[in-house]
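Chemist: Chains as they are written, first to last, in my numbering: chain A, 241 to 721; chain B, 143 to 309.
These aren't lab readings, by the way, just hints derived from the structure by calculation.
Any given hint could be a false lead.
[Stated by the list, open to error] Okay, the calculated beta carbon distance ranges per label pair:
id: 1; chain 1: A; residue 1: A673; chain 2: B; residue 2: N209; range: 50 to 58 Å
id: 2; chain 1: A; residue 1: A660; chain 2: B; residue 2: E285; range: 26 to 34 Å
id: 3; chain 1: A; residue 1: T639; chain 2: B; residue 2: N271; range: 26 to 34 Å
id: 4; chain 1: B; residue 1: Q255; chain 2: A; residue 2: T639; range: 18 to 26 Å
[What the hints assert, rightly or not] With a Cα cut of at most 27 Å, we get these calculated DSS-like pairs of lysine-lysine:
id: 5; chain 1: B; residue 1: K262; chain 2: A; residue 2: K636
id: 6; chain 1: A; residue 1: K415; chain 2: A; residue 2: K518
id: 7; chain 1: A; residue 1: K636; chain 2: B; residue 2: K269
Since this is a predicted model, take the numbers as computed values, not measurements.
Ideal Cβ positions, reconstructed from N, Cα and C, are used throughout, including at glycine.
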Amino acid sequence: MINYIKFKNTLFKALPILFMGSLFAQPTVAVLDFAANGLPDYEVETLVERLRSEIPNTKAMRLVDRKMLENILKEQGLQQSGCTTEECAAEIGELLGAQFMISGSVGKLGSTFSVDAKMVSVSTGEMTRTKSVSFDGTVGGLLIEMQILAWEMMDLKPPQPLLLQRAGGDGVDKKVTVAVMDFDPRGISMLEARTLTDRFATELDATGRAILVDRRSMNEVMQEQGFDEAGCTSEECAAEVGALLGVEFMINGAIGKLGDTYTIDAKMFEVATGAASKTKNATYTGPVDGLITEIEILAWEMMGLKAPNTLTKKRKGTIVSETPKVKTPGGAALRSLLIPGWGQHYNFSSSENPSDATKRWLHFGMDAALIALLGVSYQAFLTSDDDAVATHINYKSATDTQQIESYRTTSLGHNEDAKASAQQTNILIFAVAAMHLYSSYDAFTNGPSGGQASNNKNSKFDLVYNPNLKQPELRFSIALD
Amino acid sequence: MIFLLACQATELDYDNPLDVPSDEVPAIVFEPSIEQIPLLSSSLINVFAVEVENVTGIRAEITYDNNILQVSDVARGDLFGQNSQNSLFFVNFQDNPGTIVIDYFYLGNSESQSVSGTGKIASILFKGNAVGASGLEFTSKTELVDKDDIQINIRSRGQGNIDVIQQ
Chain A
241 MINYIKFKNT LFKALPILFM GSLFAQPTVA VLDFAANGLP DYEVETLVER LRSEIPNTKA
301 MRLVDRKMLE NILKEQGLQQ SGCTTEECAA EIGELLGAQF MISGSVGKLG STFSVDAKMV
361 SVSTGEMTRT KSVSFDGTVG GLLIEMQILA WEMMDLKPPQ PLLLQRAGGD GVDKKVTVAV
421 MDFDPRGISM LEARTLTDRF ATELDATGRA ILVDRRSMNE VMQEQGFDEA GCTSEECAAE
481 VGALLGVEFM INGAIGKLGD TYTIDAKMFE VATGAASKTK NATYTGPVDG LITEIEILAW
541 EMMGLKAPNT LTKKRKGTIV SETPKVKTPG GAALRSLLIP GWGQHYNFSS SENPSDATKR
601 WLHFGMDAAL IALLGVSYQA FLTSDDDAVA THINYKSATD TQQIESYRTT SLGHNEDAKA
661 SAQQTNILIF AVAAMHLYSS YDAFTNGPSG GQASNNKNSK FDLVYNPNLK QPELRFSIAL
721 D
Chain B
143 MIFLLACQAT ELDYDNPLDV PSDEVPAIVF EPSIEQIPLL SSSLINVFAV EVENVTGIRA
203 EITYDNNILQ VSDVARGDLF GQNSQNSLFF VNFQDNPGTI VIDYFYLGNS ESQSVSGTGK
263 IASILFKGNA VGASGLEFTS KTELVDKDDI QINIRSRGQG NIDVIQQ
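Excised from the complex, chain B in its bound form:
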C-alpha cells in the first residue's frame, strides 16, 4: 500500500522539433516530427527553417514512402511574409517515387529582402493510404541561399515519421 502511495513527477519529453540546440542551427525540420494517423486519414506536417540568417531562397526536397502516404496538398508558409507578392512558391510533388520539391524565394536581392530567424516554409497534407510507417527526410539537395545565391550551410536536417495504423 505504501509503495502504491509513493508519488512520482510526470516524465516530460522536451522534444519540440523547433527546439534545436544552438550548435545545430541553422536547421530545417518537420513539425510535428512524429505523427500517428488512422488509415485513410490525413496529417498536416509543417516544414520549418530554424534560426536561419539572411536567407532569400530555399529548396526543400523531401522524400516519403509513396506506398503508405499520398500528398494531398502543399501550402506556402510564412517564412517570407504573409504577402505572396513578395515571394515565389513552387511545389512539385510526385507520388512516384514519393518526392516533394519545394522552391521558395524572395523577390529581389536587396539586404532588406532577406529573412532571419525561424519560420514556416510550407505545410504538407499527407493522406495515409496503407498501414505502415513512412519516414520523412530532407535530401541532400535541400539548400538555403543568401541574396548572392551563395549556399548557407544547413547544420541540422530534421527527420519525420508518419505511422499509419488500422482503425
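The following block holds chain A by itself, in its conformation from the complex:
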C-alpha cells in the first residue's frame, strides 16, 4: 500500500508532467523495464531502451521520462522489474500522470528470442493491447524488432525502412534492399519505359537476392518529399530518395532506341555513399519482345547472378552485352607510367575535365621531347665511345712514339666526350623517369573517383554525397573482407 506522505511528494514531482500533459492532446505512456528470462539484464535494458526511443518517432503518444519513472519507483520502494501486475503498473502510471503503461518480458529459448509486451490503461487498469514477437537470430537483430514493436504497440503500421531492415536479416545470403527508379526513355515512350522497368523490377525480385520497394511506396515517399520521379534523374536525387525509402541500393538507368537497335543502361549505386556498385549495359538488335528478355537477363546480371537457362534460351536477335570496365585511379596511374599523358587521356575520357585534356598533350609532348633529346644524347655517347675504343686499339698496338701520343690524345678526347655524353644521357634517363612518375602521380590524384572507382576494395579516400547531410563529404574507407 502506498502511504500518504510518499504519495504527496510523488504528486508534487509529477506535477510538471501533469502540466505538460494538459498542454498537449497526445496521451502519455511510460515503459517499465521488461523482465529478463534467460538473458542478461543489461541486454534487456538495452532492448527496452530501443523501444522507448522509438515511441516518440510514432508521434502517437508522449513518453514519460525514464528518470522520472525511476525516481517515483525508488520513492515507492519498488523495482521496475518487480512491478509486473496490471494493478501495480496502473498505480505507478497514476502517480506519473501517464495514461498508459507498457511492461513485458524478453525471453530466450534455444536460439529463439521471444518478446511479450502489454499496454495497460491507467484509468481503467485494463490491458488495452498485447503483442508477442518471436525472433530467430542474434540479440542484435532484436533491436529492429523492438523498434517495430513500438509502432505496433501504438497500433500503427511500422515504416517501410524498418520493415526492410527487418527483412534484410543478417544471414550469409543477405538480401539487399533495392528501389528501382523508372528507366529514362530515350526514343521510346514513357509508358514503354515504365513497362520495361516494371518487368525489370519483377525479375529482380525473382532473383531472390533483392527486397524491392514497390512502386506505390516509392511514389508516396517521393510525393511526400515533393520529388517528381521524372525529374529525379541525377544520382544525388536518387540517393536522397533511397535514403528516405531506407533502401541500401538504388537502380536507375535508361532505355534507348536507335533505329532497330535498343540500348539498355542500368546502374546500381549505394545509397549510403552515392557510389556506383554495378553498371551494366546491353545493346540489342531484334524484335521488341526480345527486349523484355534482355531486360530480365539484365536484372539477374545486376544482382551478380547468372540468368537461368529458361531466360537465356528465350533470347532473340543480336546481343552485345558488356560490363564497362571500371575506371580506377590505379589504371590511370599505370597508363601514365607507361606513356605520360595516357592516364590523363584515360581520365579525360571519363570526366571530360578540360585540364586533363591539356595535360595529356603537355605530358605526352614533354615526354616525347625528353625522349628525343635522350636519343640524340645516347647516339652521341655511342659514337664517342666507339671512337675512343677504336683509337685506343690503335694506341695499344702502335710502336711509334708520335703515333702513340697522337692516338692517346685522340682516344682520351673521345673518351672524355663519351663520359660527358653518358652523364647527359643518364640525366635525361632520370628526367624521363621522373616525367613518367610525375605523370603517373598526377593521373592517380586526378583519377576517376566516386562511382568509377567504387568497386576497388583497397583503402581509399572518397568524395561522396551524404544524403542525410545533403552535402558531399570526404570519406576514408577500408574493406574489411
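Dock chain B against the given chain A, drawing on the hints supplied.
Modeler: Coordinates of chain B only, in the frame set by chain A:
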C-alpha cells in the same frame, strides 16, 4: 630498370709500354709488358729502346723465371736498321739461372752511325713450360753507350710479366 638503362663510357687503360712520360726517357721497356699464355704455348716479347739519343751500343741483360719460362728464340730488332751488316747482334741466353744477355752495336764510331728515337732492340720468344707467373726484368748491367763508349743514363727500366695458365 632505370639503373640498368644508365650508360657508362668504356674504361680505357692508356698503358702502352712505349708510352713513356717525357721525364722518364730514355727508357728501355718490354712490349707487351703483360702477357697471359696457356701452358706449353709461346709468347713474343719485344724489347724497345724508347726516345734514346745518339746510341751506338746496347747491352740488355734480362732475367726471367726459368722454372716457368724457356727462351725459344731471340731475334734482332730494327733499332740500328734493317741491314744486318751495319751492326753486330750477339745473344747469350741460359735457362739456368734464367738470363738473357743481348749485345747490339753499331759498327764504326762516326756521328752518322748513331741512332736516336725509339726502336726495337730484339724480339724474344718465350715458351711457357709450367703454370705460374714470371717477371721480366732488366738488370743493372743493362746499358746504353754513345759513340765514345760513354754510358747514357737510362731513366726508366720497364718490367714485364708473363702468366702461364693451365689450358
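Chemist: All hints, please: hold or fail.
Modeler: Results for each hint:
1. A673(A) x N209(B): 50 to 58 Å: 57 Å, holds
2. A660(A) x E285(B): 26 to 34 Å: Given about 47 Å between the Cβ atoms, the range is violated.
3. T639(A) x N271(B): 26 to 34 Å: 28 Å, holds
4. Q255(B) x T639(A): 18 to 26 Å: About 23 Å separates the Cβ atoms of Q255(B) and T639(A), which means 18 to 26 Å holds.
5. K262(B) x K636(A): 16 Å, holds
6. K415(A) x K518(A): With Cα atoms ~16 Å apart, K415(A) and K518(A) stay inside 27 Å; holds.
7. K636(A) x K269(B): 23 Å, holds
Of the numbered hints stated above, the single one contradicted by the structure is hint 2.
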